[in-house]
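Q: Residues per chain, in single letters:
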Amino acid sequence: MSPAGVRGRLDVNIKQKSFRAASGGNLQVLGELVFSLGSGEVAALVGPSGCGKTTLLRIVAGLDHDFDGNVAFPAHGTLAMVFQEPRLLPWRTVEQNVQLAAPRATDAGLEMLFHTLGLEAHRDHYPGELSLGLARRVALARAFAVEPDLLLLDEPFVSLDDALAARLREELAELVNRRPVTTLLVTHNVEEAIGLADRLLLLSISPARILADVPVARPRAAHTPAELAALREEIARRLNQPFSGANL
Amino acid sequence: MGTRLVSLALLIAAWYACSQLAGARLLPEPQAVALAIVDEARSGALAFNLGATLARVAVAFLIAMALGSVIGLIMGRSRIADRLGDPWLIVLLNLPALVIIVLAYVWAGLTETAAIAAVALNKLPIATVTVREGARSLDHALDEMAQVFRMGAWTRLRHVLLPQLAPYLAAAARSGLSLVWKIVLIVELLGRPNGVGFEIGVAFQLFDVTRILAYALAFIAVMLAIETFLVQPLERHVARWRPRPA
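Protein chains in written order, with this note's numbering: chain A, 1 to 248; chain B, 1001 to 1246.
Because the hints were derived from the structure by calculation, they are not lab data.
Honestly, I wouldn't trust all of these hints.
Pairwise CB distance ranges, derived in the manner of DEER restraints [said to hold, decoys possible]: (1) A1141/B x D68/A: 20 to 30 Å; (2) R1136/B x D161/A: 35 to 45 Å; (3) W1241/B x P215/A: 42 to 52 Å; (4) E170/A x P1087/B: 53 to 63 Å; (5) E1133/B x P225/A: 56 to 66 Å; (6) L1062/B x T106/A: 33 to 43 Å; (7) A1171/B x G38/A: 25 to 35 Å.
Derived list of chain A stretches under chain B, where covered just means 3 residues or more per stretch with a C-beta under 8 Å from a C-beta of chain B [stated by the list, open to error]: (8) 57-63; (9) 84-90.
Examples of chain B residues lying across from chain A (beta carbon under 8 Å, computed) [claimed, not checked]: (10) S1137; (11) H1140; (12) L1142; (13) F1149; (14) T1155; (15) V1160; (16) R1242.
None of the values given here were measured: they were computed from a predicted structure.
Each residue gets a CB set at the ideal place from its N, CA and C atoms; glycine is no exception.
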């Protein structure tokens, strides 16, 4: 029995994770990774492409059990994930896709979600009739309809144009603010990480280790451009990359 | 629709022309066959025999589809099951239908069970192979999605698994139906006291080509009706989500 306050607590203690390479031998993708998220905390995993962020998220999601170490999350806690691709059931409508994942969601709850994400007109559409941006919104709606204790987001806005990604980021921030949920966000976009997270976990190149654990002061909206620039600079320095800028 | 009717009219015209050349004994005229159908229908024999054959088709088809789907799904998902079952499949696929039928009658007697088992066993490997192909092409990403969202077994079966298998099940059903009814006729010819196959056997012994054609055409009409009013609407329903070309 865990008290209600720690329902969303996540403890990650990974010693290492390797894949067997096709040519034989082992390819280590994750080094030692130890961190905890308090209930309602939003953390962003930031690191270069191919550093093992998605692998880490899959381990936390319980999709990959082949690693050394353990991930502790309350057994009865509910989980929701937004994958890199929307992963909707093409043969079910938008509304059915959400309801199948969240059978306990109320009509009023769904109404509000569809309204916030601008999906009202698309409830009866099939995923094949949606643009990528809309399909990603449905994936977001599905994740929030579950009212999860832990939300995992795997580059949810990748391959969208900047304006649309920014809008969706705002909508996501609004949803997280309305109902705080422990969130692990994977991204290689520093702006996105700063805009959404309380904490940035900076990862090294593969095998991934945590280079730095950078807190982002709240409220997020109060950041001045100078503060943001300083934060970006610090992140670039910590990541120890020969280049800086939004996309690492 | 109009083209189809023209095509059908041409077929009947060709039939008529051939019957004039070959003589009514070898190939009766279309109207003679039509009259024979009406006669058989009046006496009740047509409905009785069609019913007996259809019942056998339905039972054998359902057994073969159910077993074939389950075995195919297991073989498509498990490498060990696939390796264990594959030689059996190859044996069954290459065993002539006639051998299975004769052996079933020898081992189990001239019974209804033997007849239906023989037909189902003939259809089983093809259903299995088709569904196995479907199981191999299942989308792992959707499986993971269902796992993360902790969907129940029923939801996964009904909304994740079956829609992915639907095209393969439809292909297995369609090819299966046409195969099963042909084999049912042979089974009836060899060891059943009724059914379309039995009637054709009797007609063959009497050299009654009119009756052979009457029963064959009546049965084709029934299968055509099943295809038009059952299989095609079902396929349209299953494919309703696919974006149609404008």
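Q: Tell me, which hint numbers fail for this structure?
A: Hint check: 7, 10 and 11 fail, others pass.
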